[in-house]
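Undergrad: Start from the sequences, fold in the hints, and give me the full structure.
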Amino acid sequence: MSPDQAITAEPAPHTSALRPIPAHEHAELDPRFAPPFPQAALHVLRNPQLRKNVAHAIDVIQTKRGKLVAEKQDWQALRDAASAIRTEALDHLGTYLHEFEKNCTAAGGTVHWAADADEARRIILDLLRQEKASEVIKIKTMTSAEIQLNPFLEKSGLEVYETDLAEIILQLGEEEPSHIVVPALHINRSQVREIFARRMGLEHLSDDPKELTNAARAYLRRKFLTIPTAISGANFLIAETGGVAVVESEGNGRMCLTLPQTMITIAGIEKVLPRFNDLEVMLQLLARSATGERMNPYTSLWTGVTPGDGPQNFHVVLLDNGRSSILKKPVERQTLKCIRCAACMNACPVYRQTGGHAYGSVYPGPIGAILTPQLMKMEFAQSLPYASSLCGACYEVCPVKINIPEVLLELRSQVVNQERGQAGRFFDPMYLGLRIANLLFARAWRFHLAQRLGRIGLRLFTRKDGWIHSLPSVGGKWTQTRDLRGFPEQTFHEWWAARAKEDQ
Amino acid sequence: MRASLFITCYNDTLYPETGKAVVRLLERLGVQLDFHPKQTCCGQMHANTGFRGEAFSQAKRFVRLYQDTETVVVPSSSCVAMIRDQYPGLFEELGNDTLRKEFAALLPRIFELSEFLIDRLGVEDVGAYFPHRVAYHASCHGVRALHLGERPFRLLGKVRGLELIPIPNAERCCGFGGTFSVKNGEVSSAMLAAKLQDVSSTRAEVCTALDNSCLMHLGGAMHRQFMGMRTMHLAEILACTESSPEVQP
Chain Y
1 MSPDQAITAE PAPHTSALRP IPAHEHAELD PRFAPPFPQA ALHVLRNPQL
51 RKNVAHAIDV IQTKRGKLVA EKQDWQALRD AASAIRTEAL DHLGTYLHEF
101 EKNCTAAGGT VHWAADADEA RRIILDLLRQ EKASEVIKIK TMTSAEIQLN
151 PFLEKSGLEV YETDLAEIIL QLGEEEPSHI VVPALHINRS QVREIFARRM
201 GLEHLSDDPK ELTNAARAYL RRKFLTIPTA ISGANFLIAE TGGVAVVESE
251 GNGRMCLTLP QTMITIAGIE KVLPRFNDLE VMLQLLARSA TGERMNPYTS
301 LWTGVTPGDG PQNFHVVLLD NGRSSILKKP VERQTLKCIR CAACMNACPV
351 YRQTGGHAYG SVYPGPIGAI LTPQLMKMEF AQSLPYASSL CGACYEVCPV
401 KINIPEVLLE LRSQVVNQER GQAGRFFDPM YLGLRIANLL FARAWRFHLA
451 QRLGRIGLRL FTRKDGWIHS LPSVGGKWTQ TRDLRGFPEQ TFHEWWAARA
501 KEDQ
Chain Z
1001 MRASLFITCY NDTLYPETGK AVVRLLERLG VQLDFHPKQT CCGQMHANTG
1051 FRGEAFSQAK RFVRLYQDTE TVVVPSSSCV AMIRDQYPGL FEELGNDTLR
1101 KEFAALLPRI FELSEFLIDR LGVEDVGAYF PHRVAYHASC HGVRALHLGE
1151 RPFRLLGKVR GLELIPIPNA ERCCGFGGTF SVKNGEVSSA MLAAKLQDVS
1201 STRAEVCTAL DNSCLMHLGG AMHRQFMGMR TMHLAEILAC TESSPEVQP
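Sequence lines, in order, name chains Y and Z. For the first sequence, the working numbering gives the first residue as 1, with consecutive numbering after it. For the second sequence, the working numbering gives the first residue as 1001, with consecutive numbering after it.
Since the hints were derived computationally from the structure, they do not count as laboratory data. Built from N, CA and C at the ideal position, the CB exists for glycine as well. Mixed in with the good hints, there may be bad ones.
Said to hold, decoys possible - Reference excerpt, derived from the structure (chain Y facing chain Z, CB under 7 Å, subset only): (1) 42; (2) 390; (3) 396; (4) 415; (5) 434; (6) 467; (7) 474; (8) 477; (9) 482.
TA: If you want it as structure tokens, here you go:
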């Protein structure tokens, strides 16, 4: 909606009568409590509505992205440039962060440093209490979801209102985000109608997008006009100027960033760009990769405080929360190049089937599969590095060239190193099988003996048509949906040896 | 021209007909083929599951076995991708200078089958005859790791009698992913179902690829569902001629 429309229209009377939202003990997408990926995915795979919503939304974005990427002759050069910019920022992260702090402070902002989620939450709560705020509006920030800010603030007695349309749908519907750019992607229009009708008391609401938008507009207008305190995320922090950039599609962000008196921006420390000019590269890539647009509709840039214009108190909370330890690792550090465009999840054939919730984290999809285990202790997310067929589609589309399969493999080897010493894993069929396979592959005679024994053993399971329809143990995971052709009577090397003998 | 065939562990065990087809095809084209009897596995299964130490010993074994070979031909793009993309990292981490040098010298002499035919032998028309409706499945490793591009299509385009039908969403993964197919068996099956829908929309008789791993996945489901389509490695199609038609396994 346009800011003018939103400000001039009268607030609807029913918006004040919203049913209160219970404060959760912890968010549902908490890796510490989420079930392993295969188990969580199973639940989703049985939900045709959700799968249809996800596949439909993904296909729309992917088609748009494909067209707009194809029209850029210099797409690969742009990717190289973006990768170089992000690598440079990370290689000198301390320097650029201090430069950002210096310039932001000089422009009237205040920079806070938070080592972890707990410290970031406390800083934000203290700032809100200083402002004597009882309510706060938010424009979508993944980082605040990462630190589970909303439940924390609600428990501390504050009312938190999301103002991004998708986030409103989630908040009112008590749903969890399933995507980092289109967080309500798993919810379709008629489900939005149902949520709005129920929570806003609009019995006769239709699923016409215009009517739905109007309902959200009426709901939001009052928040924008009456709540003087806001929390935002940041797409980029610019070291050179001390400025902050936020991109969005609706203009709700622009309202949230300009109308309040106090603005608290929370950003991961990796979000810094060295120079203002770097935006030229990043913004071209971001909009095309994220939403399949040449330029996102609203790009807000601000630097500190401007008297008489916009928020007069401006704070930036720079969050580490595990990032500096990722930075120390040679293979994994590229994870921090991410600009949260979500192209990887849109391209991912696994995400296309499961949607985001199966990843048990606010960061789903391929980037989530590498980011979550690194931000959290690996123990909480051991299944995530395996939630990929290593098809490489994520790496192919990544605008900053994060080699996600490479990082997945690195994390898998860390999982194995953690697990293989554990007593319970010794007889785990997967570990046992791979250890035995390694012994077999070390000597050809062992491998050939195993082939002969396997051929005899599998005869038990091979039907008359020469196919195996059912196998025990791990094999059953294969035969649940696929047959397996029985072992042939002669391996290739046996055939070769026999042929060589004939020739002599 | 001499070349040594690295058949790969699962082709040796499960798909000997692919190896036989490669032999028929390459000998027909005048290549003198060797087969190293001590070969086993490239280490991909271990590497992709996170067993780096084990993958390293198999990688080292591979290099030692083939270091004196003029040219190595591999009828499996994922195994070639393993060698090209993962060996360097494994040797960097766990190997020594000698091994790294040996590998660097060997690497340019390793070819996936379609690369070998087009880039090394310089042939597109291998004299094949295969009068069937065929769909080509572009495997992820072939597309995104080896960048095979048009090579398989150029080979298939020259096969007499063959009608090639494009698969919609051709570059989307079939869901095999090695141990992924059992570790995440249900998600893998959902991906497979989506892929099969696209493949079956071609109404082809044969689905072909340069990886028997994908074909094992697709073919296993085709057989389970009585789909009326079968799978064949590309080498098996290229091996067929008018005078020497298809050999059924």
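Undergrad: Using the nearest Cβ pair, does residue 42 of chain Y come within less than 7 Å of chain Z?
TA: holds (5 Å)
Undergrad: When the nearest CB of chain Z is found for residue 415 of chain Y, is that gap smaller than 7 Å?
TA: With Cβ-Cβ at 6 Å, under 7 Å, it holds.
Undergrad: Against chain Z, is residue 467 of chain Y within 7 Å by beta-carbon distance?
TA: holds (6 Å)
Undergrad: Would the stated hint for residue 477 of chain Y survive a check requiring a Cβ distance to chain Z of less than 7 Å?
TA: Where the cut-off is 7 Å and the nearest Cβ of chain Z is about 4 Å from residue 477 of chain Y, the hint holds.
Undergrad: Would the stated hint for residue 396 of chain Y survive a check requiring a Cβ distance to chain Z of less than 7 Å?
TA: holds (6 Å)
Undergrad: Would the hint on residue 434 of chain Y be counted as holding, given a Cβ-Cβ threshold of 7 Å to chain Z?
TA: With Cβ-Cβ at 6 Å, under 7 Å, it holds.
Undergrad: Identify whether the interface hint at residue 390 of chain Y stands, where standing means a beta carbon of chain Z within less than 7 Å of its own.
TA: holds (6 Å)
Undergrad: Quick check on residue 474 of chain Y please, does its C-beta sit within 7 Å of some C-beta on chain Z?
TA: Since the shortest Cβ distance to chain Z is 5 Å, the answer is holds.
Undergrad: Go through the hint on residue 482 of chain Y and say holds or violated, using the shortest Cβ distance to chain Z against 7 Å.
TA: It holds, given that the least Cβ distance between residue 482 of chain Y and chain Z is near 3 Å, below 7 Å.
In this structure, none of the earlier numbered hints is contradicted; all agree with it.
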